[in-house]
Structures are given as structure tokens and as C-alpha cells.
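Asks: One letter stands for each residue in the lines below.
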Amino acid sequence: MLPDKLQALVRLLARLPGVGDKTAQRYALFLCTADPAIARELGLALAGLEAEVGPCTRCGHVADRSAAGGLCAICADPRRDGSVLCVVGRVQDLLSIERSAAYRGRYFVLGRLLAPLEGIRAEDLPLERLKALLRDPARPVTEVLLATPPSVDGEATALLLAEELRPLGARVTRLASGVPHGGDLEFADPVTIGRAIAHRRGVE
Amino acid sequence: MPDAVALDDRRTSHVALRELVVERVRNLDHLELEPAPGLNLIAGDNGQGKTSILEAIYLVATSRSFRTSRLAEVVAHGASVASVRAAVVELDGAAAADTPPGYVRHQSLGLDGARRVLRLDGEPPVSLAHYATRTPVVVFHPAELELSTGAPAARRELLDRVSLFQAPETSRHRAAYARALRSRRELLRLGSGARELEAFEAVLAEHGAALCRRRARACEALALEATAAFARLAPPELALGVRYEPGGSPDPELARAELARGRARDAGRPSPRFGPHHDDLGLTLDGRPARRVASQGQHRALTMALKLAERACIAAARGLEPILLLDDVSSELDRERSTALFALLGAGLGQVFVTTARPDLLADLPTGTSFRSFRVARGALVPAGG
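Residue numbers (the numbering used here), protein chains in the order written: chain F, 1 to 204; chain G, 1 to 386.
Simulated from the structure, these hints should not be mistaken for lab results.
Note that beta-carbon positions come from the ideal geometry of N, C-alpha and C, so glycine has one too.
Don't take every hint at face value.
What the hints assert, rightly or not - If we take Cβ atoms under 8 Å as the criterion, some of the chain G residues that face chain F in the derived model are:
1) Ala176
2) Arg179
3) Arg182
4) Glu186
5) Leu187
6) Glu196
7) Ala199
8) Phe200
9) Ala202
10) Val203
11) Arg256
12) Ser373
13) Ala377
Just need the whole structure built from these sequences, with the hints factored in.
Replies: Next comes the structure, spelled out in C-alpha cells:
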């Protein structure tokens, strides 16, 4: 029904997260019928992606490969507090924490969580790189904040990391969870309310 | 009829369907129903779609079916999508039944194969538990004799249905417990080292202990109501005992230690010997296990008592009388007990749907009871008197 070239494009687009066959088809048809400049620019951006952008050599966040030392903008920023290290599962989680503007330390991106059901084991986590960061006498870290998601895999990953990192001397903390700001308590998810109550604080 | 209260003399608040629209659910191609706020009788021969109407109500209220765990089975043969829509009102006990005041909530469930799409007033619900607790509903169908005679799984489900209303996070603990259980089994199968096992066992112990505490609480409430209901349905000299028999522990530290100790034993087994997946609800008659000593009639009365207790517990936790769905009750109870049941039904209940192949059952209703009756044949409503 569609030319082979276009069908190949549909198949590629359908491999993107959250894109099904119908959406992939819509994108492909748009690209070949709309202003050809869009497809050309997109193609150039995609072709150069791997050469130009890669993981930060220190934390695993995305970084410009041409940057000094291959560091991301956060690791290269001297105003960041290097004594606190926040460990997240994915780059998206790092971006969520950044949007809050509540955290001024540095990060470490695991890239994956322990998930034996998906075949992801402890040896698949970048544990040695993380430990090397904590052992670096030039940049002492006094606190590791574990910010993996509150799922079975995220909790197990945090527990494993806590056991592995504690002997290195830094204080290990876990992200508290609370009630969403501006949200109606009635509609807040019960696990969140439960945790908010379990970790309640005194009123100053 | 002794101490039967007329259905219109309702005192507690209750929830009621005002409108139901069913599309392609089982053999119901298209069906619209405007039920009464009180008692509704659905009559028809076997295989005509009576139970499917109750199933559709249960689906739109809870997002689940009481007949199958595979939702794709619910979609009519030859169709790819099915849906149930309902307009629901919360009625105050003081208000007149015919002029329902207040707010009408619209709920809908769409099924595209096994995929389900839920809407509350047009919006996706914040969580499944939130959706499933808006319109409380309790179903009693013949297969539920399992509760008293069958394996523990059905009794754990009963505890969890009550827990869902007492503490909605129960469903999250249950799902997390199941995933952690499978993760541990996989690690044992792979001969994993202690550090990964310890991490998943800690998560397993945490959610298992939370589940245990919630089920203990649900059982406490159920036991109180079930023994009272049983006393009204069965000979008064027979005492029912209802007790939570935990397979795990409410203490996560103890559970962790137990799991660590059981690793060698659990390797190669489908599930560990320790944990709330072995929970049961112990039922006794005069101190002896009901499963061994109860007669067929006593099993029926016991099951009915448990269902009435479920209704009472959910009403207390939610502050609203649930909708009661009674499928084919006449086949399960002899005349004497169905009379007792109808007397109970009359005692200040909310909306009730009863299906029956025996319309003569109406003779057992307390005099003066108002009801609406429907007749179903080949998946459609046909005009009926009443």
C-alpha cells in the first residue's frame, strides 16, 4: 500500500517509545508530504546525534561530546555543590528534579534499575563507576541521595545501593515522598498520602 | 413477615445506578436499563443474559469481572470492543427515593480486547483503586459457595475487597508483593548471590507485612458482621467463628529473617512457604472447621453471611450502602432461607438487583415491597409487568 522506503520509515518510527503503528504512519506521511525542509533538517539532526551527543563521562547525564572532559553542563558547573550526589534511574528523572530547582548538588544516572524479571542484574548496574566517584579524594562526597522510583525495582535498587555504598563513608539518604503541591488530598494517590503521613514533620 | 422494614424506609445513604447502557458485553448487543433506586428483579430463562447484566454493572463499578480474570472474554463474540456506561447517584437516606437529589456521576468502562479504558465524569481516574471505590458493589453468585467450601484464594479475595475500601493502598501493596515474589523466585532460580536477594526480600517483606496488617483489620470487621448475620440465617444454637490465619507476618523484620532462612528450601518451589499468599480466613462452626462439618445448607448460610458481612463492612468503610447484585439466588437457597434473606434485604438496604429464573420467588417478598421488574430474552429486554 505504501512505497517500501516509507514503510521502512514507519517501522523505524514505531520503535520509538509511546509511538504505535498508526502514529508512526501519520508521522511518516507528514514527513513526506509537508515542507521537505522539515524532513531534511530532522535527518541531519538524527545523523549527527551519536557523534555529537553522548553520556557525560562522570555522571551519565547527556552531554555535548565536544565539551571539556566530555562533562555535562551540571558536572561542569562550578556553582554546583559537589558534596551531595543524587542517584537517579533515568535522565528523565534527573530532569524532573532539576525542574523543581530544589536541588543544587550533582547527579549520577544509573541508566537502569535492578529488574531480575527483565534480566537486569546487579552486575549490569554501573556500580564500579559510582564507587569510583565516591572514592575520589579530589571531590569528596558527604551525602548520597538515592532517588530511584518508589516501585519494586526502584526500592530494591535503592536497598542494594545503600548496602554497597555505606562502607564508603558517605551518608546515604532516600528521597522522601509527599502530597503533590496544589493537589486536592481527595485525589492524591493513597500510597503518596500514606508515605506523607509516615514521614510527617513537626510544625515549626 | 417479622421485623422486615419496607424498602422505601431507608435511613442510610446509598449509591444507586440511575441508568445503565451496555454495548456488546457477552450476548448483550445493546441494552439500556433504568433501574429503581431500591429493588430490581431481572427475570428470564437460563442463558438469556441475566448474569451478563449483573456482570456489566460490576464491570462499570469495579473495572473487573466476577466471572473471569481475562477481560477479553467479556467482549461479545465477533466484536472487538465493548463498553458499559452508568449514571450513578448518591442518595441520602432522608430523601424521597423518586426524586433523587444531588450530583450524578458518570462512569464508563471500554474494552478493546483485554485493554480497558476507564472514565470518571469524562476524565481518566487518578488510579484504579480510586475508580473501583467510587461506586461500591457486592455480588453474590452461585459459584461463591467456594467461599465456604473451596480453596483459600476466594477468601483472600474477600479480605482484599474489604481492605480496598478500608485502605485503598492495599491494591498497590498486593501488586508490589506479587512482583517482588516473582523477582525473588527468578533470583533463586538463577542462583543469585545474597545482596540482590536481600534487596528484593526486604521489598517483599515490607509489602507482605503491610498486606498482612490490612487483612487482619479487614477480618476483624468481617468477623463481627458475619457472626451476626449467620445468627439470623442459621439455627441460633450454632456459633460461627471467623479468624484471620496469616501465612506471613505483620512485622517486616521478622518476615525478612524468615525469607532469608527459607532460601534453600524455596529454591525450585513455585512460591515460598512463608508469606501472605498463604493467608486464609478460618471458618468454624462450634469450634470445628466448617469445611469438614458443615452441611450443604449450612455452607449456603455461611456464604450468605460472609457476603452480607462484606456489604456491611464496605458500607461502614465507604459511608455508603453498596449496590447488591444477587445472581440466581433461588437455586442456592431453599425456601425457608430465601425468606430469611428477603427479610434481611428489606432491612434498610440500598439498591439491589436480583436475577431469577423463578419469578414465583416474588411471593416470598415482604408485603408492600416496591420493586421494578425486567425480563430478558436472547440478550435484550422484553416488556414485563410490574
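Asks: Each hint should be assessed against the structure and marked as holding or not.
Replies: For each hint, the structure was consulted:
1. Ala176: 5 Å, holds
2. Arg179: 5 Å, holds
3. Arg182: Given a least distance of 6 Å, the restraint on Arg182/G holds.
4. Glu186: Where the cut-off is 8 Å and the nearest Cβ of chain F is about 4 Å from Glu186/G, the hint holds.
5. Leu187: 5 Å, holds
6. Glu196: Constraint on Glu196/G satisfied, holds at 5 Å.
7. Ala199: 4 Å, holds
8. Phe200: With Cβ-Cβ at 5 Å, under 8 Å, it holds.
9. Ala202: 5 Å, holds
10. Val203: 5 Å, holds
11. Arg256: Where the cut-off is 8 Å and the nearest Cβ of chain F is about 11 Å from Arg256/G, the hint is violated.
12. Ser373: 38 Å, violated
13. Ala377: 40 Å, violated
Figure legend: structure checked against the earlier numbered hints; hints not met, in rising order: 11, 12 and 13.
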